[in-house]
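If you read the protein sequences in the order shown, they are chains A and B. Position 205 of the first sequence, counting from 1, maps to 205 under this note's numbering, and the rest follow consecutively. Position 147 of the second sequence, counting from 1, maps to 147 under this note's numbering, and the rest follow consecutively.
Don't read these hints as lab results, they were simulated from the structure. Treat the hints loosely; a few may be bogus.
As the list claims (entries may be wrong) - Straight-line alpha carbon distances no greater than 30 Å define the calculated DSBU-like cross-link-like pairs of lysine-lysine that follow:
(1) 129(B) x 78(B)
(2) 154(A) x 129(B)
(3) 78(B) x 154(A)
(4) 154(A) x 118(B)
As the list claims (entries may be wrong) - Take a look, some chain B residues computed to stay more than 10 Å from chain A by CB distance:
(5) 10
(6) 21
(7) 25
(8) 71
(9) 102
(10) 130
(11) 153
(12) 164
(13) 182
(14) 186
(15) 216
(16) 221
(17) 242
Nothing here was measured: the structure is a model prediction, and the numbers come from that model. C-beta: ideal position from N, C-alpha, C; glycine also.
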Amino acid sequence: MNYILHLLIMIEIYLILAYGLNLVVGFGGLLSLCHAVFYGIGAYASTLLMIKTGISFLPAMLMGMAITALFAFLVGIPALRFRGDHFVLVTLGFQMIVFTVLYNWVGLTRGPYGIPGIPRPVVFGYEITSLIGYLILVGVILMVTIIILFILYKSPFGLALKALRDDEMAAEGLGKSPIHTFLYAFIIAGGFASLAGSLYATYVTYIDPTSFTLDESIFLLSVLLVGGTGNRLGPLVGVVFMILLPEALRFLGLPDTVAPNVRQMIYGLTLILLMFLRPQGIAGEYKINHYGKAEN
Amino acid sequence: MEKLKIKNISKAINGLKIVDRVTASFLPGRITGLIGPNGAGKTTLFHIITGELRSDTGEINYRGEDITLLPPYRVARKGIGRLFQDVRVFENLTVSENVVSACYDHRVETPWFPFLRKKRWKALERDFKEKSDYYIDYVGLMEVKDVPASSLSYGQQKLLAIARLLAGGFSLLLLDEPTAGLNPVMIKKILNILKRIVAEDQGKTIVLVEHDMSVVTEVADWVYFMNEGRIAFFGRTDHVLGDKEVREIYLGL
Numbered sequence: 001m002n003y004i005l006h007l008l009i010m011i012e013i014y015l016i017l018a019y020g021l022n023l024v025v026g027f028g029g030l031l032s033l034c035h036a037v038f039y040g041i042g043a044y045a046s047t048l049l050m051i052k053t054g055i056s057f058l059p060a061m062l063m064g065m066a067i068t069a070l071f072a073f074l075v076g077i078p079a080l081r082f083r084g085d086h087f088v089l090v091t092l093g094f095q096m097i098v099f100t101v102l103y104n105w106v107g108l109t110r111g112p113y114g115i116p117g118i119p120r121p122v123v124f125g126y127e128i129t130s131l132i133g134y135l136i137l138v139g140v141i142l143m144v145t146i147i148i149l150f151i152l153y154k155s156p157f158g159l160a161l162k163a164l165r166d167d168e169m170a171a172e173g174l175g176k177s178p179i180h181t182f183l184y185a186f187i188i189a190g191g192f193a194s195l196a197g198s199l200y201a202t203y204v205t206y207i208d209p210t211s212f213t214l215d216e217s218i219f220l221l222s223v224l225l226v227g228g229t230g231n232r233l234g235p236l237v238g239v240v241f242m243i244l245l246p247e248a249l250r251f252l253g254l255p256d257t258v259a260p261n262v263r264q265m266i267y268g269l270t271l272i273l274l275m276f277l278r279p280q281g282i283a284g285e286y287k288i289n290h291y292g293k294a295e296n
Numbered sequence: 001m002e003k004l005k006i007k008n009i010s011k012a013i014n015g016l017k018i019v020d021r022v023t024a025s026f027l028p029g030r031i032t033g034l035i036g037p038n039g040a041g042k043t044t045l046f047h048i049i050t051g052e053l054r055s056d057t058g059e060i061n062y063r064g065e066d067i068t069l070l071p072p073y074r075v076a077r078k079g080i081g082r083l084f085q086d087v088r089v090f091e092n093l094t095v096s097e098n099v100v101s102a103c104y105d106h107r108v109e110t111p112w113f114p115f116l117r118k119k120r121w122k123a124l125e126r127d128f129k130e131k132s133d134y135y136i137d138y139v140g141l142m143e144v145k146d147v148p149a150s151s152l153s154y155g156q157q158k159l160l161a162i163a164r165l166l167a168g169g170f171s172l173l174l175l176d177e178p179t180a181g182l183n184p185v186m187i188k189k190i191l192n193i194l195k196r197i198v199a200e201d202q203g204k205t206i207v208l209v210e211h212d213m214s215v216v217t218e219v220a221d222w223v224y225f226m227n228e229g230r231i232a233f234f235g236r237t238d239h240v241l242g243d244k245e246v247r248e249i250y251l252g253l
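Construct all of the structure, not just a fragment, from the sequences and the given hints.
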C-alpha cells in the first residue's frame, strides 16, 4: 500500500513538472534540456529558506517559486536568442553550469553531502507526515497548477505560442512578439517546476544535486515525447507510462543478477519502438520537429 | 494622402547591392504592382519594409511614423501585413484557429490576461469566432473550417493566409506572388478577392509582387518596375508594360 502511495505522489510531482514543461515544448516547440535546473533550484531555494530563516513551508515554496522564475528569466534571455538545435545546446549548457554550482558551492548547498533532515511541511497548523497527507498536499497543488495551465493552454497566449511554434516568421508578421511570448512560457514553466522541487524536497526530506542532473532533464523531455505534447492529455499519459513502466518491469520475475540491466534495455527499446510507431507521442497532437522550422 | 513612403533604401548582402537607393510611395485604395526580373530585389524590399532585414541607408515612413528600425512584430502592429511567397500557414492549427490567432492583439496575448479580464476574454472569444467565420467565408473556405491547415491544398493555404491578413485588420498588405503556382480558377478567385478588398475599404493599400503580367494588368493601377535593385520605371500599368526597355529586359519581347 505504501509503495502504491509513494508511486502516486511521485506521479503527482512529475505531472506538475510535465504540464509546465508542456508549455515550452508542446506549445512553444522549444526542446528545453534544463527543466531539472528549475526543479532543483526550487527544491534548494525553499529548503534553504525553511532551514536558514525558519519560515514555514508555503511561504518558502512561494518564495522559491519567485526566485526560480527570476532565474528562468535570466536563463531565457540568452537561450531564447536561439532556436532549434542551438536552443537545445544552450539549455544543455545551463543545465551543466547549475549542476556544477549546486555540486561545488558547499558553503550554501553542502554540495555532494546533500541536505538531510528537511523539515516536514506545516500547512495551516497541520504538520504533514503521513503518505496520505503528502498525497493530498501535492494533489491540491497539482490541481491548482493544472487549472492555471489549462486556462493558459486555451488562452490567446497559448494560441500565440502555438502560432509561433508552427511558423515564427508568419506569427511575428501578425504582430506576435517571439521573445516576449516564449520568455513568459519559459518563466511560467520554471515557476511550476520549482513548486514540484519544493514538494519533492520536503517529501523525501533529503536532497542532493544528483536528483537534478541532465539525466533528469532528459527524462522529463522523454516523458513529453512519449506521452505527446501540445494538449492536455499527453503529459498525463507520458508521466504515468514512464513512471509505471519501470515499476511494472520489476514484476517480470527476472533473475536478480541481470534484472536491472534487462529492465533498462526493455525500457529503452520501448521508447525507440514508440518513436517509430507514434512519433507524436501516445496522446499527442503535434510532432516535435524543430528541423522543419525553416527561416528565410 | 500617401501611406507608405520609402526613401533612399539600400541594402547590400555580402557586398552585393540587392536594393539600391529605392524611393517609392504607395497610396491607399489602390493596388500597386511591383514587378521585375528574378533577383531584382522585390522580396528583399518587402523584408526591409517589414523589419525582417535592416536597410543600410534611408528611411521608411508609414502614416507619418518612422518605422525604419522597428522589429517585425512592431511593424505588424502598425498595420502592415504580409503574404509570404511560401505562404506560411500555422500547419498544426485548424483553419479557424489560424484566422482567430490573427484577431488577437498583443495586449490580450499575455499570460495574465485570461485571469484578470476573464469576461473580456470570453467576449473576445465570441466576437473573434464570428469575425474569423466572416473572413473564412470571404475567401470561401467555410467547408474546411475545422481542418488542420496542413491538409489544405497549396491554393487553399494561400486563401487562408489572405483570410488571416484580413482578420488581422492590416491596412497595408504586402503580397508576395499571391498567384504563383496556382491554376487559373484559383488565380481568378484570388484576384476577385483582392479587387473586393480595395473596393470595400478605400483605406486599404495593396502592394503586389507578381510575375504574371495578365494579373498585373487586371488588378494593378500603378506599377513600379525594379531591375538590379533599382526602381527603373514607375507609372500607370499599361504605360510601364508598354515601355520598350521593360519589354526587352523583363518580358523578353
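Do the hints match the structure? See the list:
no.: 1; hint: 129(B) x 78(B); in the structure: holds, 23 Å
no.: 2; hint: 154(A) x 129(B); in the structure: holds, 14 Å
no.: 3; hint: 78(B) x 154(A); in the structure: holds, 26 Å
no.: 4; hint: 154(A) x 118(B); in the structure: holds, 13 Å
no.: 5; hint: 10; in the structure: holds, 20 Å
no.: 6; hint: 21; in the structure: holds, 24 Å
no.: 7; hint: 25; in the structure: holds, 22 Å
no.: 8; hint: 71; in the structure: violated, 8 Å
no.: 9; hint: 102; in the structure: violated, 5 Å
no.: 10; hint: 130; in the structure: holds, 16 Å
no.: 11; hint: 153; in the structure: holds, 18 Å
no.: 12; hint: 164; in the structure: violated, 7 Å
no.: 13; hint: 182; in the structure: holds, 19 Å
no.: 14; hint: 186; in the structure: holds, 20 Å
no.: 15; hint: 216; in the structure: holds, 24 Å
no.: 16; hint: 221; in the structure: holds, 25 Å
no.: 17; hint: 242; in the structure: holds, 34 Å
When the structure is compared with the earlier hints, violations turn up for hints 8, 9 and 12 and for no others.
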